[in-house]
Amino acid sequence: MKVNVIGSHLCKDTLYALYKLKDQKAEVQFEDISSSFPALKAFLEVRENNPMYDNVKKNGGIGIPFFTLEDGAQTFELDEVLKKVQEG
Numbered sequence: 000m001k002v003n004v005i006g007s008h009l010c011k012d013t014l015y016a017l018y019k020l021k022d023q024k025a026e027v028q029f030e031d032i033s034s035s036f037p038a039l040k041a042f043l044e045v046r047e048n049n050p051m052y053d054n055v056k057k058n059g060g061i062g063i064p065f066f067t068l069e070d071g072a073q074t075f076e077l078d079e080v081l082k083k084v085q086e087g
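Numbering (numbering that gives the first Met the number 0), first residue to last: 0 to 87.
Hint data in this document are derived by calculation from the structure and do not stem from the laboratory. Treat the hints with caution; some may be incorrect.
Claimed, not checked - Here are the simulated EDC-like cross-link-like pairs (lysine to aspartate or glutamate), alpha carbons at most 16 angstroms apart as the crow flies:
#  : residue 1 : residue 2
1  : K83       : E69
2  : K82       : D53
3  : K1        : E69
4  : K83       : E47
5  : K40       : D78
6  : K19       : D78
7  : K57       : E47
8  : K82       : E69
9  : K56       : D78
10 : K56       : E44
11 : K24       : E69
12 : K83       : E26
13 : K1        : E79
14 : K24       : E86
15 : K82       : E26
16 : K19       : D70
17 : K82       : D31
18 : K1        : E86
19 : K83       : E44
20 : K83       : D22
21 : K24       : D78
22 : K11       : E76
23 : K83       : D70
24 : K11       : E26
25 : K1        : D70
From just these sequences and the hints, can you work out the full model?
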């Protein structure tokens, strides 16, 4: 299963997620907002326009890692993603 991960190589949660996804043989596309201006710009577009980020912004969070699955599902929850990857 293909999984797009928006995150940062400086974020321990992102690094853990990438490790777990690769361990489960997921096809990962990683957008590193810390090392790529295009990735940062794409992230800011999602963060400003996706209602999933309302609570994140309200609580002063960044909202990474953020996962988009090949079926279009989006989540902040690694366990959700891993479950779908295991289901195939």
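Checked hints:
1. A hinted pair counts as satisfied when its Cα atoms are at most 16 angstroms apart, and K83 with E69 qualifies at roughly 10 angstroms.
2. A hinted pair counts as satisfied when its Cα atoms are at most 16 angstroms apart, and K82 with D53 does not qualify at roughly 25 angstroms.
3. The suggested pairing of K1 with E69 holds, with an alpha-carbon distance near 5 angstroms, which does not exceed 16 angstroms.
4. With a C-alpha separation of about 27 angstroms, the suggested pairing of K83 with E47 is violated against the 16 angstroms cut-off.
5. Proposed proximity of K40 and D78 is contradicted: the alpha carbons are some 27 angstroms apart, above 16 angstroms.
6. For a cut-off of 16 angstroms, the pair hint linking K19 to D78 stands: about 10 angstroms separates their Cα positions.
7. Note on K57 and E47: the hinted pairing holds, with a Cα-Cα distance of about 12 angstroms set against a maximum of 16 angstroms.
8. A distance of roughly 14 angstroms separates the Cα atoms of K82 and E69; the hinted pair therefore holds under the 16 angstroms criterion.
9. Between K56 and D78 the alpha-carbon distance is near 22 angstroms, which puts this suggested pair outside the 16 angstroms criterion.
10. At roughly 14 angstroms between alpha-carbon atoms, K56 and E44 fall within 16 angstroms of each other, so this suggested pair holds.
11. Distance restraint check for K24 and E69: the Cα-Cα separation of roughly 14 angstroms lies within the 16 angstroms cut-off, and the hinted pair is therefore satisfied.
12. For the hint linking K83 to E26, the alpha-carbon distance of about 13 angstroms falls within 16 angstroms, and the restraint holds.
13. In summary, the hint linking K1 to E79 is supported, as the alpha carbons are separated by about 14 angstroms, within the 16 angstroms threshold.
14. Distance restraint check for K24 and E86: the Cα-Cα separation of roughly 12 angstroms lies within the 16 angstroms cut-off, and the hinted pair is therefore satisfied.
15. A threshold of 16 angstroms between alpha carbons decides the hint, and for K82 with E26 the separation of about 14 angstroms falls inside it, so the pair holds.
16. A C-alpha spacing of about 20 angstroms is found between K19 and D70, which places the hinted pair above 16 angstroms, so the restraint is violated.
17. Restraint check for K82 and D31: the C-alpha separation of about 23 angstroms exceeds 16 angstroms, so the hint is violated.
18. Taking the CA atoms of K1 and E86, the gap is near 13 angstroms; set against the 16 angstroms cutoff, the hint holds.
19. Of the supplied pair hints, the one linking K83 and E44 is violated, its CA atoms being roughly 26 angstroms apart against a limit of 16 angstroms.
20. Taking the CA atoms of K83 and D22, the gap is near 14 angstroms; set against the 16 angstroms cutoff, the hint holds.
21. With a CA separation close to 15 angstroms, the supplied pair K24 and D78 stays within the 16 angstroms bound.
22. Distance restraint check for K11 and E76: the Cα-Cα separation of roughly 15 angstroms lies within the 16 angstroms cut-off, and the hinted pair is therefore satisfied.
23. With a C-alpha separation of about 10 angstroms, the suggested pair K83 and D70 falls inside the 16 angstroms cut-off, and the hint holds.
24. For the proposed pair K11 and E26, the alpha carbon gap of about 20 angstroms is over 16 angstroms, so the pair is violated.
25. Between K1 and D70 the alpha-carbon distance is near 9 angstroms, which keeps this suggested pair within the 16 angstroms criterion.
Of the numbered hints listed earlier, those contradicted by the structure are 2, 4, 5, 9, 16, 17, 19 and 24.
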